[in-house]
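Colleague: These protein sequence lines are chains A and B, in that order.
Going letter by letter, the first sequence gives residues 1 to 250 in the numbering used here.
Going letter by letter, the second sequence gives residues 1 to 329 in the numbering used here.
In case anyone wonders, no lab produced these hints; they're calculated from the structure.
Be a bit skeptical, because a hint or two may be false.
[As the list claims (entries may be wrong)] BS3-like, lysine-lysine: derived pairs with alpha carbons at most 27 Å apart:
#	chain 1	residue 1	chain 2	residue 2
1	A	146	B	200
2	B	301	B	142
3	A	215	B	142
4	B	142	B	17
5	B	286	A	216
6	B	191	A	153
7	A	2	B	191
8	B	142	A	32
9	B	200	B	17
10	A	248	B	223
11	B	191	A	52
12	B	187	A	2
13	A	146	B	187
14	B	113	A	153
15	B	286	A	248
16	B	17	A	248
17	B	286	B	17
[Said to hold, decoys possible] Just so you have them, the derived chain A footprint on chain B, three or more residues with Cβ under 8 Å:
#	stretch
18	102–110
19	185–195
20	247–259
21	307–321
For every residue, glycine included, the Cβ atom is placed at its ideal position computed from N, Cα and C.
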Amino acid sequence: MKIAVCLKRTPDSESRFRIAANGAAIDETGLKFDIDDFASYAVEVALQINEKQGPGETVAFAVGPDSVQETLRKAMSMGVDRAIQLKTDATTYDGLAIAKALAAELKAGGFDLILFGKHAFDTSGGVAGTATAELLGVACVTAASKLEIANGKGTARRELEGVAEIDEFSLPAVVTIDEGIARPRYPSLKGIMAAKKKPLETKPAQLGQPRVTVKKMELPPDRPPGRIIGDGVAAVPELVRLLRTEAKVL
Amino acid sequence: MPNILVFAETRGSALRKVAFEAISAARALVDANGGGQVHALCAVPSGGAALAGQLGQHGADVVVTVEHPGFANFAREAVAATLAARAQGGGYRAVLLGFSAQGRDLAPRVAAKLDAPIATDVTEIRIAVDAVVVKHPVYANKVIATLQLDGPLVVLSTRPGSFAAVEAPRTATVESAAPASDPSGEKVVVKEMQEGGKGKIDLGEAPVIVAGGRGLKAPENFKLVEDLAAAFGNAAVGATRAVTDEGWRPHSDQIGQTGRQVSPQLYVAVGISGAIQHLAGMRSSKTIVAINKDKEAPIFKVADYGIVGDVMEVVPALTQAVREAKAHS
Ligand SMILES: Cc1cc2nc3c(=O)[nH]c(=O)nc-3n(C[C@H](O)[C@H](O)[C@H](O)COP(=O)(O)OP(=O)(O)OC[C@H]3O[C@@H](n4cnc5c(N)ncnc54)[C@H](O)[C@@H]3O)c2cc1C
Ligand SMILES: Nc1ncnc2c1ncn2[C@@H]1O[C@H](COP(=O)(O)O)[C@@H](O)[C@H]1O
Numbered sequence: 001m002k003i004a005v006c007l008k009r010t011p012d013s014e015s016r017f018r019i020a021a022n023g024a025a026i027d028e029t030g031l032k033f034d035i036d037d038f039a040s041y042a043v044e045v046a047l048q049i050n051e052k053q054g055p056g057e058t059v060a061f062a063v064g065p066d067s068v069q070e071t072l073r074k075a076m077s078m079g080v081d082r083a084i085q086l087k088t089d090a091t092t093y094d095g096l097a098i099a100k101a102l103a104a105e106l107k108a109g110g111f112d113l114i115l116f117g118k119h120a121f122d123t124s125g126g127v128a129g130t131a132t133a134e135l136l137g138v139a140c141v142t143a144a145s146k147l148e149i150a151n152g153k154g155t156a157r158r159e160l161e162g163v164a165e166i167d168e169f170s171l172p173a174v175v176t177i178d179e180g181i182a183r184p185r186y187p188s189l190k191g192i193m194a195a196k197k198k199p200l201e202t203k204p205a206q207l208g209q210p211r212v213t214v215k216k217m218e219l220p221p222d223r224p225p226g227r228i229i230g231d232g233v234a235a236v237p238e239l240v241r242l243l244r245t246e247a248k249v250l
Numbered sequence: 001m002p003n004i005l006v007f008a009e010t011r012g013s014a015l016r017k018v019a020f021e022a023i024s025a026a027r028a029l030v031d032a033n034g035g036g037q038v039h040a041l042c043a044v045p046s047g048g049a050a051l052a053g054q055l056g057q058h059g060a061d062v063v064v065t066v067e068h069p070g071f072a073n074f075a076r077e078a079v080a081a082t083l084a085a086r087a088q089g090g091g092y093r094a095v096l097l098g099f100s101a102q103g104r105d106l107a108p109r110v111a112a113k114l115d116a117p118i119a120t121d122v123t124e125i126r127i128a129v130d131a132v133v134v135k136h137p138v139y140a141n142k143v144i145a146t147l148q149l150d151g152p153l154v155v156l157s158t159r160p161g162s163f164a165a166v167e168a169p170r171t172a173t174v175e176s177a178a179p180a181s182d183p184s185g186e187k188v189v190v191k192e193m194q195e196g197g198k199g200k201i202d203l204g205e206a207p208v209i210v211a212g213g214r215g216l217k218a219p220e221n222f223k224l225v226e227d228l229a230a231a232f233g234n235a236a237v238g239a240t241r242a243v244t245d246e247g248w249r250p251h252s253d254q255i256g257q258t259g260r261q262v263s264p265q266l267y268v269a270v271g272i273s274g275a276i277q278h279l280a281g282m283r284s285s286k287t288i289v290a291i292n293k294d295k296e297a298p299i300f301k302v303a304d305y306g307i308v309g310d311v312m313e314v315v316p317a318l319t320q321a322v323r324e325a326k327a328h329s
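The shape of chain A in the complex, shown without the other chains (with noise of 0.2 Å):
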């Protein structure tokens, strides 16, 4: 099968964040980059897939400016046969923008399935997959926590609000991943020096004039700090005493 897996570049997620001077953007200085979490499920998922099916190839996309060089060359190293980047000056926080951008390079690429994350942590809040999709006028599964494809046929589970949902879609689809399907490989060394040879294309992102922008950037109010009441079954009355009278949960 043809598989294309889209990747956004997010700082580790252990990371403790300052803002940057301008007050618009995180400081960037000693953060760790890497594939989004979500995404490389999803780069797992694809390879696993292709590696079940037999011949095909799984290319990785990612909008954004040089930087991005690195996360594709990351999922090469995992085991992605190509990438392609497309180039924009500056990281943009439109999701609508970037689906746009993808989906005009996606639109003529005969993929069978386009692999996204669920959402990424950084910013934008799940809208990449799902816009691509609408705008390739695709199936979209979203949130997908077990997927199996067959026939030309997908399978898909959502793990939803206190309910599971089974899905049957035709393709090409789109599916984006969550959590719990697939622990992504670590790149052996191998991988990594084939992934130096392995073609990254660049080419120009239509991404269009981006109309969601940052205005600001600030770190949330702290929470009082923590108070512990006592040890052991002792402090019991004294925490329901202040459930019912300070907190009035109770």
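Dock chain B with the ligands against chain A, hints included.
Modeller: Same frame as chain A, now just chain B with the ligands:
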């Protein structure tokens, strides 16, 4: 002030809490901007008109009911097409949805159809003459971004729990509309729905959450957590990723950066260390209680009330005390 169109989310034929929150957010917005109407659209298998009373109670001026048997399951393409068609009808400044599972799926579809700028998971909304400005927590709630959306019509989804559902009673006018595409002709077909259990309160709607971590040691010990939740009566049970990875609880119970983001009135963390990725999903809870045997556990840094102790002893005692407190209230 032009009008706002709200997606009144339902499950089966019942309205969900996020629907009332989005209606209230829309009501406050039009009222703060010199008046305008709030229109609520619901897509249900039948019985749409019966929802108008509740929606009017929260501030909807017009309720658009779209009925089709195909809406018994999540007919995502038809719902998105119908919302977009209504929004295209003109006169709307914004389309609002809840940032729930349905809203996450629908909002980008609607935005793409309308070619409208979109912001999801917003916690504050302001409407200026030529722009809409929202707050949106980013980087797993560690940073708050203020975003500006340029365009005559925008699509927004509201973070559950961030906008209070308040009553603003009026008598809503009911209009009925046809689906903009056939809900039985979807590209994605729902084959099966497995309910999580009768009467189970959803994590996003529960005023109280009791969450368990690896400190519980074994899946059968989740009984302690369930008993405490039952004692509160209005509580849902959540878990950490350590627990869902072990398969002690389903993935859908996971709270945190990669799980559900919740902000209940009360969050009780039982045997949870308080890793940064877990805090990302619950630190905006109103009151946090932590029970952990390690007094250095990071969860105590955010807990309003911490008890250092063994969950096997403290939790049953707390359950008993909560039962008694409830019996007297
Ligand atoms: C990319 C990424 C995403 C992640 N996303 C999430 C997420 O969404 N949600 C999430 O929860 N985690 C997430 N994690 C995992 C997270 O880092 C932690 O590993 C996890 O939250 C730990 O779960 P825990 O608190 O149950 O277990 P532990 O960290 O093992 O803590 C167990 C606690 O129980 C206490 N304890 C043990 N026995 C007892 C006893 N008898 N009585 C009282 N206390 C006891 C211990 O002192 C300890 O503090 C993510 C990690 C990564 C890298
Ligand atoms: N700039 C980008 N280039 C390629 N793929 C992206 C980009 N941004 C987001 N994605 C994909 O879309 C998913 C959801 O991202 P987001 O819409 O930002 O929450 C990510 O997990 C990626 O798979």
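Colleague: Kindly indicate which numbered hints from before are broken by the structure, ordering the numbers from low to high.
Modeller: Per hint list: zero violations.
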